[in-house]
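2 protein chains.
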Amino acid sequence: MKRYQALADDIAASIRDGLLRPGQRLPSVRRTSTARGVSPATVFQAYYLLEARGLVRSRARSGYYVSSAPPALPPEPDAASQPDGESRPVDVSELVFEVLESAMARDVVPLGSAFPSPQLFPLRKLGRAMASAAVHLDPWSTVDELTPGKVALRRQIALRYRIDGLQVGADAIVITNGALEALNLCVTALTQPGDAVLVESPCFYATLQSLERHGLRAIEVPTHPRDGIDLDAMDAAIGRHRPKACWLMTNFQNPLGSAMPDEKKRALVERLTRHGVPLIEDDVYGELYFGERRPTPAKAYDRDGLVMHCASFSKTLAPGYRIGWVAPGRYLREVARAKLTATLSTCVPAQLALADYLAQGGYDRHLRRLRTALLAQQGQYLEAVARHFPEGTRVTRPAGGYFLWIELPEGADALRVYRQAADMGISIAPGPMFSVRRGFGHCLRLNCGHPLDERVEAALATLGRLAAASAGIA
Amino acid sequence: MKRYQALADDIAASIRDGLLRPGQRLPSVRRTSTARGVSPATVFQAYYLLEARGLVRSRARSGYYVSSAPPALPPEPDAASQPDGESRPVDVSELVFEVLESAMARDVVPLGSAFPSPQLFPLRKLGRAMASAAVHLDPWSTVDELTPGKVALRRQIALRYRIDGLQVGADAIVITNGALEALNLCVTALTQPGDAVLVESPCFYATLQSLERHGLRAIEVPTHPRDGIDLDAMDAAIGRHRPKACWLMTNFQNPLGSAMPDEKKRALVERLTRHGVPLIEDDVYGELYFGERRPTPAKAYDRDGLVMHCASFSKTLAPGYRIGWVAPGRYLREVARAKLTATLSTCVPAQLALADYLAQGGYDRHLRRLRTALLAQQGQYLEAVARHFPEGTRVTRPAGGYFLWIELPEGADALRVYRQAADMGISIAPGPMFSVRRGFGHCLRLNCGHPLDERVEAALATLGRLAAASAGIA
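Chains A and B are the protein sequences, given in the same order. So the first sequence is numbered by the UniProt record's numbering: it starts at 1 and just counts up by one. So the second sequence is numbered by the UniProt record's numbering: it starts at 1 and just counts up by one.
To be clear, the hints were calculated from the coordinates, so they are not data collected in a lab. Do not take every clue at face value.
Same chains, same names: a pair is fine if it fits in one copy or spans any two.
[As the list claims (entries may be wrong)] Derived SDA-like pairs (lysine to any residue); straight-line CA-CA distance at most 20 Å:
1. Lys264 to Ala461
2. Lys125 to Leu332
3. Lys264 to Arg368
4. Lys2 to Trp140
5. Lys244 to Thr34
6. Lys264 to Glu212
7. Lys244 to Arg213
8. Lys125 to Asp232
9. Lys264 to Glu94
10. Lys244 to Pro193
11. Lys264 to Pro122
12. Lys2 to Lys244
13. Lys2 to Gly239
14. Lys2 to Ala72
15. Lys2 to Asp138
16. Lys264 to Ser132
17. Lys125 to Val29
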């Protein structure tokens, strides 16, 4: 983060905490410059940024004043989705590829990106662990433990499971090329082409791509933006379609940000166990909680080995290292064999580097900092949405992760907003990406994993205007 | 390599070159010790090893003498395989998994392994490149160029193509998690479940696993141990079965070691182009040639973008890094998208490390050393097979790579030899692993990628005895 952004965030926090009150004058640029030991230019930039965020206003020849009141936030979405309960072959990929390809350039404002800012991660410290692992690599370690992955890393992951109250041994884990491979291996282990899989509605587009790749049918189940999938609807869909698996994100679901309460997770596992339907649990955001403690994975309630818990370090520690894993329960053998025939093994020095980093300690300290940053950014983005988006907009307040799910007013067309924004160098993720029915035409997902600087603020203002125009609001 | 092994190899070379002649006495241990600047114990070990290899004999109280003549090598296999031309669903995996799992322990003699000794690779120098790449990682490099892979590495690969006379630009390459992922992506891009693919007979078991994983049928085509697939038989199979792809290893095929001459490759591509059948070219051993220059990939003759050239650094430079690639010709878009949905991206620091190593130069020097070592080892293994295997054995002399294909005498059962050897801590790769028909029941593949020390020599002697017993030879 740049110096002026840090300063602006500090002042914003003082405003939120009431240390600076509405109408109060900010200290002069010179005084702040002296007090903080930064240049006057930096202070100016910080004040401009606060003004862009609507937190302060400038008065000619008089300085900057705290705005009278922060804008009220738009209401939350308050109803579960209502998919039609049909089973469908999956064919979403063209749209998804188009959106992903348009979002990947460095100069695009990455509101549609699936990644938080890479500057939030301890890449230098990790780099030193990687340096040590690579220079001291035991040659024989390149040919043993190939398919399950390095036992040193599996032990560290098992230790984290233990701390979270789960009994998952190192031998019950397979290391993968990111969580995406883990999830694909679960699908490979459980299904044959033509089978059906239950998913949330909306669900992560990579889930749909995976099902399409495997020639599967998807059944969207009603899902609430706060607490996730509707269990009764799930029961009914299982009875009707006899799916081979249920694929859910239990914690801070992408795109909704929904999190299933612990009791609901317990009930979920009980019901799936009764039906004999395995759960593919995608839990890549669980560590990014804003509350007191990590939300439990559904895996914690699994007695029969039916929950295949998939996670990774890509969103929490080591973007670009591509290290994920799966604890596949009773399907361990099938998953290990699928891994062997898919990619054989995962980059050995990267595995050893992460094992070494985790063994040194420091991961939890980093996670605390990361969560604090993401929570602060969520607040800033919510306020920016309040400032810029039209009346009738709804937006989620997830208790973790870095996505906001926005319902635009009736009549707005998220795909049209997406296309217009793309032409202006702004990426968003339109709702229909997240549905096999192409539902959620008036919704979009915003990434708030990047610091809210002027460029992002301006992009959000543009999006708000495009959304209003699309909804026919002047 | 240990010091005594290097000394033994030197002396063996002198014997082969005629500098030491049959019947001649070796210098005394003391003299060699002084001349070479090594300990007497090292010289003793070297002489023991030469004796174990049958190159010298000891006479009581008199010293070591060069054996009267090196044993004549067994003849080469001299006929192409004769599969029945049927198209079959693939179901080889149980046997293959069993063999691979039994071969993976560190204490097993790795004659069935698919990897050469990891000590043949510059892992420390690579480690330093990795250290630098990881410590200086640009955070944004973890989120851009995700799916095709880092352009710095793709440029280095394109440069090597250019040196070998191929026009393949950096933009025409997708980086993968080893060649295995590259090959799987090609299959995903080209086929639907139930389609048929042409393969060699015998063919690499991972090919069969990939076809099984994708729900495909395999058609084995007659293949000669010296020059590869029979083009007329291929034509006939294409006419009969209308396969969606042809998957071949054109250079130093695994397991045969066969290499298609350039003119044959040109004809191969012409014929496939006429049929409109794409070629998945698995070329992971092409750099391991013993001749004057790298054998040309079939890709060199491709005018229509129908050849998908797959390779990796796993066997030539960087085992365990899991960096491969594919130049998929006209299927670039389909392959890139398949990569995105399979594993999204490949470990970024590992890609940058290899790009850096390649840019520094030194890869070709390493390759020259590696080829020299592999050629020397092939000679030693061939002589050991001559010493220990029964009359009627045939063995290939590949012009590159590190596999020998052995035809045991009529009546021998390679699966039985494999099981008996496994119980004694020796791994081999029995012929039926390499065939969808479970053919090649009297054949086996030997890995000569590990230095031939006493333990390997003893293992080869054991294998020879087991083979003789299995063939009913006293």
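Hints violated by the structure (numbers, ascending): 1, 2, 3, 5, 6, 8, 9, 11, 12, 13, 14, 16 and 17
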